[in-house]
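If you're matching them up, the sequences are chains A and B in order.
Counting in the UniProt record's numbering, the first sequence runs from 1 upward without gaps.
Counting in the UniProt record's numbering, the second sequence runs from 1 upward without gaps.
Everything labelled a hint here was simulated from the structure, so no lab data went into it.
Backbone N, C-alpha and C define an ideal beta-carbon position, used for all residues, glycine too.
Watch out, some of these pointers could steer you wrong.
Listed next, the in silico DSS-like pairs over lysine-lysine satisfying Cα-Cα at most 25 angstroms (straight line) [claimed, not checked]:
{"no.": "1", "chain 1": "B", "residue 1": "Lys-260", "chain 2": "B", "residue 2": "Lys-165"}
{"no.": "2", "chain 1": "B", "residue 1": "Lys-66", "chain 2": "B", "residue 2": "Lys-103"}
{"no.": "3", "chain 1": "B", "residue 1": "Lys-166", "chain 2": "B", "residue 2": "Lys-147"}
{"no.": "4", "chain 1": "B", "residue 1": "Lys-147", "chain 2": "B", "residue 2": "Lys-392"}
{"no.": "5", "chain 1": "B", "residue 1": "Lys-74", "chain 2": "B", "residue 2": "Lys-341"}
{"no.": "6", "chain 1": "B", "residue 1": "Lys-256", "chain 2": "B", "residue 2": "Lys-86"}
{"no.": "7", "chain 1": "B", "residue 1": "Lys-433", "chain 2": "B", "residue 2": "Lys-234"}
{"no.": "8", "chain 1": "B", "residue 1": "Lys-178", "chain 2": "A", "residue 2": "Lys-171"}
{"no.": "9", "chain 1": "B", "residue 1": "Lys-223", "chain 2": "B", "residue 2": "Lys-178"}
{"no.": "10", "chain 1": "A", "residue 1": "Lys-86", "chain 2": "B", "residue 2": "Lys-367"}
{"no.": "11", "chain 1": "B", "residue 1": "Lys-234", "chain 2": "B", "residue 2": "Lys-165"}
{"no.": "12", "chain 1": "A", "residue 1": "Lys-171", "chain 2": "B", "residue 2": "Lys-251"}
{"no.": "13", "chain 1": "B", "residue 1": "Lys-178", "chain 2": "A", "residue 2": "Lys-86"}
{"no.": "14", "chain 1": "A", "residue 1": "Lys-171", "chain 2": "B", "residue 2": "Lys-443"}
{"no.": "15", "chain 1": "B", "residue 1": "Lys-178", "chain 2": "B", "residue 2": "Lys-74"}
{"no.": "16", "chain 1": "B", "residue 1": "Lys-189", "chain 2": "A", "residue 2": "Lys-244"}
{"no.": "17", "chain 1": "B", "residue 1": "Lys-178", "chain 2": "B", "residue 2": "Lys-189"}
{"no.": "18", "chain 1": "B", "residue 1": "Lys-189", "chain 2": "B", "residue 2": "Lys-256"}
{"no.": "19", "chain 1": "B", "residue 1": "Lys-367", "chain 2": "B", "residue 2": "Lys-147"}
{"no.": "20", "chain 1": "A", "residue 1": "Lys-171", "chain 2": "B", "residue 2": "Lys-256"}
{"no.": "21", "chain 1": "B", "residue 1": "Lys-189", "chain 2": "B", "residue 2": "Lys-166"}
Which bits of chain A does chain B cover? Going by a derived footprint, with three or more residues having C-beta under 8 angstroms, they are [as the list claims (entries may be wrong)]:
{"no.": "22", "region": "94-108"}
{"no.": "23", "region": "166-174"}
{"no.": "24", "region": "257-267"}
{"no.": "25", "region": "286-300"}
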Amino acid sequence: MATSIINADKSVIATHKKKKKKWQSYALLFILPSFILYTLFVIVPTVGSIYLSFTSWDGISSDVRYIGFANFVEIWNSPRVHNALKNTMVMTISLVLLENIAAIALAMMVDKVRWFRNLFRSVFYFPTLLSGIVMGFVWSMILNYNFGVFNQILDRIGLGSYIVDWLGNPKYAMISIILSTAWKGAGYYMIIYLAGLQGIPQELNEAASIDGANGRQQFRHITFPLLAGSMTVCLVLSMISALKIFDQIAVMTDGGPGFETETLTYIIYKVGFGELRQGFGTALAMVLFLIILIITVIQVKFLQKREVQL
Amino acid sequence: MLKQTMTKLSVLLLATTTVLTACGGNNNNTTGNATNAPDSDTPATEVAKKDVSFTIGYASGDPATKKAIADTVKKFTEANPNVTIKDLSETSSAAYLDWLKTKDAVGEFPDLVEMRDTQVFADAGKIVELPADLLDLFEAPPQVEGKVWNAPMQVNAPQGIIYSKKAYTDAGITVLPKTYDEFIAIQEKLKTSGITPLVVGGKDIFHMGFWVNKFLIDDVYSKDPDWNSKRTAKTVSFTDANVVQAMTDYKDLFSKYVDKGWLSTGDNQTASILVSGKAAQLYSGTWMFTQIAEADPSFEFGFYAIPDREGKVNVIGLPSPAGWSLSTDAVKDADKTEAIKEFIRFFFAPEQYSVYLATINAIPATKENVTYETSEQMQVALDLVADPNVVKSLAINNWWGDNLIPPQFRNWYYKLLQELVLENGDVTDYMKKADTEYDTQVKANQM
Numbered sequence: 001m002a003t004s005i006i007n008a009d010k011s012v013i014a015t016h017k018k019k020k021k022k023w024q025s026y027a028l029l030f031i032l033p034s035f036i037l038y039t040l041f042v043i044v045p046t047v048g049s050i051y052l053s054f055t056s057w058d059g060i061s062s063d064v065r066y067i068g069f070a071n072f073v074e075i076w077n078s079p080r081v082h083n084a085l086k087n088t089m090v091m092t093i094s095l096v097l098l099e100n101i102a103a104i105a106l107a108m109m110v111d112k113v114r115w116f117r118n119l120f121r122s123v124f125y126f127p128t129l130l131s132g133i134v135m136g137f138v139w140s141m142i143l144n145y146n147f148g149v150f151n152q153i154l155d156r157i158g159l160g161s162y163i164v165d166w167l168g169n170p171k172y173a174m175i176s177i178i179l180s181t182a183w184k185g186a187g188y189y190m191i192i193y194l195a196g197l198q199g200i201p202q203e204l205n206e207a208a209s210i211d212g213a214n215g216r217q218q219f220r221h222i223t224f225p226l227l228a229g230s231m232t233v234c235l236v237l238s239m240i241s242a243l244k245i246f247d248q249i250a251v252m253t254d255g256g257p258g259f260e261t262e263t264l265t266y267i268i269y270k271v272g273f274g275e276l277r278q279g280f281g282t283a284l285a286m287v288l289f290l291i292i293l294i295i296t297v298i299q300v301k302f303l304q305k306r307e308v309q310l
Numbered sequence: 001m002l003k004q005t006m007t008k009l010s011v012l013l014l015a016t017t018t019v020l021t022a023c024g025g026n027n028n029n030t031t032g033n034a035t036n037a038p039d040s041d042t043p044a045t046e047v048a049k050k051d052v053s054f055t056i057g058y059a060s061g062d063p064a065t066k067k068a069i070a071d072t073v074k075k076f077t078e079a080n081p082n083v084t085i086k087d088l089s090e091t092s093s094a095a096y097l098d099w100l101k102t103k104d105a106v107g108e109f110p111d112l113v114e115m116r117d118t119q120v121f122a123d124a125g126k127i128v129e130l131p132a133d134l135l136d137l138f139e140a141p142p143q144v145e146g147k148v149w150n151a152p153m154q155v156n157a158p159q160g161i162i163y164s165k166k167a168y169t170d171a172g173i174t175v176l177p178k179t180y181d182e183f184i185a186i187q188e189k190l191k192t193s194g195i196t197p198l199v200v201g202g203k204d205i206f207h208m209g210f211w212v213n214k215f216l217i218d219d220v221y222s223k224d225p226d227w228n229s230k231r232t233a234k235t236v237s238f239t240d241a242n243v244v245q246a247m248t249d250y251k252d253l254f255s256k257y258v259d260k261g262w263l264s265t266g267d268n269q270t271a272s273i274l275v276s277g278k279a280a281q282l283y284s285g286t287w288m289f290t291q292i293a294e295a296d297p298s299f300e301f302g303f304y305a306i307p308d309r310e311g312k313v314n315v316i317g318l319p320s321p322a323g324w325s326l327s328t329d330a331v332k333d334a335d336k337t338e339a340i341k342e343f344i345r346f347f348f349a350p351e352q353y354s355v356y357l358a359t360i361n362a363i364p365a366t367k368e369n370v371t372y373e374t375s376e377q378m379q380v381a382l383d384l385v386a387d388p389n390v391v392k393s394l395a396i397n398n399w400w401g402d403n404l405i406p407p408q409f410r411n412w413y414y415k416l417l418q419e420l421v422l423e424n425g426d427v428t429d430y431m432k433k434a435d436t437e438y439d440t441q442v443k444a445n446q447m
């Protein structure tokens with residue numbers, strides 16, 4: 001009797017395993033087209049780039065010469081690359097902070113508002129839908145020294161002495177790019193934070209309120225810690241996005257004035273495509289890849305640890 | 001049953017993917033009845049009747065040039081309905097070389113391309129020599145290493161000051177400058193009168209070249225046309241007195257007399273700023289005359305070349321290897337090659353060419369005499385070209401052979417010079433940076 005039960009169990013398990021195997025085969029079959037395309041257009045070029053970073057290829061000729069670590073030595077010694085790295089870091093830190101602070105503020109505001117909630121959500125989210133190029137053109141026109149709306153408003157309200165070349169002055173060009181990019185990005189992170197806020201049980205705030213906690217204390221001890229999960233996602237996404245910033249710079253300043261807003265991604269494009277140094281550009285891309293990888297790993301580990309602690 | 005359904009679904013998915021992938025295949029070659037493979041055995045007369053398609057690319061940062069070429073393309077396709085020309089040019093491209101290189105990288109290098117960095121692309125095997133049967137269109141087209149690669153679209157025209165006559169009158173300026181110091185005195189008068197003396201479209205990096213090369217030509221190239229090759233050989237330096245003087249003059253002028261918004265002003269905005277009376281002068285080329293006249297037909301303006309300190313006039317005006325080139329890929333297709341050659345002949349035919357020249361106020365490059373009605377300002381430019389006492393030269397990046405600079409150096413140098421003004425830097429220190437970068441780029445190109 002016991003033997004037959006065991007045999008029946010074995011048979012059920014075997015059938016189950018067989019079915020599972022079949023489903024896995026189907027799953028793999030469905031994944032296959034995407035996998036092939038992804039391999040062809042992402043994996044293969046990426047691996048190919050590793051080799052190109054050790055060459056002096058100009059990007060147009062068939063002459064691809066191996067030059068060892070010469071590109072990486074030049075990166076190490078190049079003041080232009082150092083400047084781009086500095087700009088990238090300044091821009092990344094500023095953008096991550098600004099976008100996330102603005103996003104949390106907007107999310108809390110939208111979460112609390114009673115009337116026109118969907119309208120506010122849409123209005124704050126709308127800039128996210130614009131492409132970086134379009135947004136760059138719009139802000140370029142707004143901030144134009146001679147014809148821009150912003151300077152004209154300053155002039156009309158009697159603040160003509162504050163008129164400056166927002167995109168041509170080294171003091172303001174970087175700030176202008178950071179603010180306009182944060183304006184575009186904050187709405188996206190707002191949605192993630194809003195989802196996080198709506199997942200916080202209302203009873204916690206009510207209990208805290210009964211215990212006499214004011215709004216600031218409720219935010220500090222309840223809302224902020226419970227947003228840790230959303231924050232991990234938003235900080236990582238905004239950091240990667242900021243490190244890769246390109247469109248706005250290309251349209252608004254072309255890396256200028258001088259080299260004031262040239263970032264790593266922009267210099268990769270400039271040297272790779274504009275200056276006919278694909279090998280050097282690829283080496284720079286490898287360096288950027290490593291930077292993003294290292295920062296992301298550290299950031300995720302730190303934030304996940306924080307999530308657990310909270 | 002489930003198995004059958006899943007299998008059908010899988011096959012359908014794979015088939016769809018394959019079909020969609022095939023849809024994205026290369027459609028850059030001939031279309032319609034023409035086949036993708038070259039058909040060199042087919043007689044030319046028969047080929048001309050086939051449906052043919054080719055792509056065209058040119059520097060279209062200047063709207064007048066864009067319009068002039070687009071009009072010619074339109075007329076050609078109307079006259080030759082079997083030929084389709086796909087215009088790849090984009091007006092927003094600030095640096096033409098960047099755009100062209102990007103097009104090449106994505107496999108869209110134009111079949112017929114306006115070539116400016118001829119030697120670079122010829123060395124890379126991207127363009128071919130101009131077909132021999134087109135050579136007779138031109139008097140003496142410039143050669144690189146003994147070969148003609150381009151159908152020159154026009155002769156290099158001089159650049160100079162385009163000034164508002166009203167602004168000059170208001171500032172009490174009645175006589176045009178005979179030396180550079182007199183020119184500076186005029187700037188001072190204009191500034192005192194309350195108008196911004198100069199508008200500069202510094203957002204477009206090529207526009208920087210107008211001024212930078214004016215000073216380089218006065219102090220360097222007019223006296224030593226082989227300076228670039230000597231710099232490559234390290235026998236001269238950017239820190240030499242003549243270059244430092246040129247860049248000091250540039251820095252002084254930009255620090256004192258240029259519109260404060262020069263770094264966020266695009267080249268295509270300069271005409272508006274000039275005619276609106278926000279600035280009194282613009283340093284540019286003859287192609288701007290049409291734009292200015294169109295921006296405000298009642299705007300009265302004049303044109304002159306800025307003399308150097310000794311009173312000599314030096315302008316851009318030497319021939320350089322630039323113009324229409326055929327891509328290496330295009331000539332693999334006999335039909336396409338024939339259509340492109342037809343287009344080039346059409347472009348340079350006096351009926352079309354005169355309109356093109358008139359639109360951008362250019363000087364003809366063809367052997368055949370082409371005339372058009374010139375404006376007062378254009379006549380000044382033509383007089384400069386014809387005057388044997390006026391020294392003709394080229395911009396830093398337009399030389400070739402041993403005088404070819406690393407292709408990436410030009411934009412970098414212009415940006416460095418923007419920074420020089422913004423940071424109020426020491427000219428000699430900045431020129432040391434230029435020396436270092438130049439040597440680095442020469443070395444990188446030799447690897």
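Any of the earlier hints contradicted here, and which numbers?
3, 6, 8, 10, 11, 13, 14, 15, 16, 22, 25
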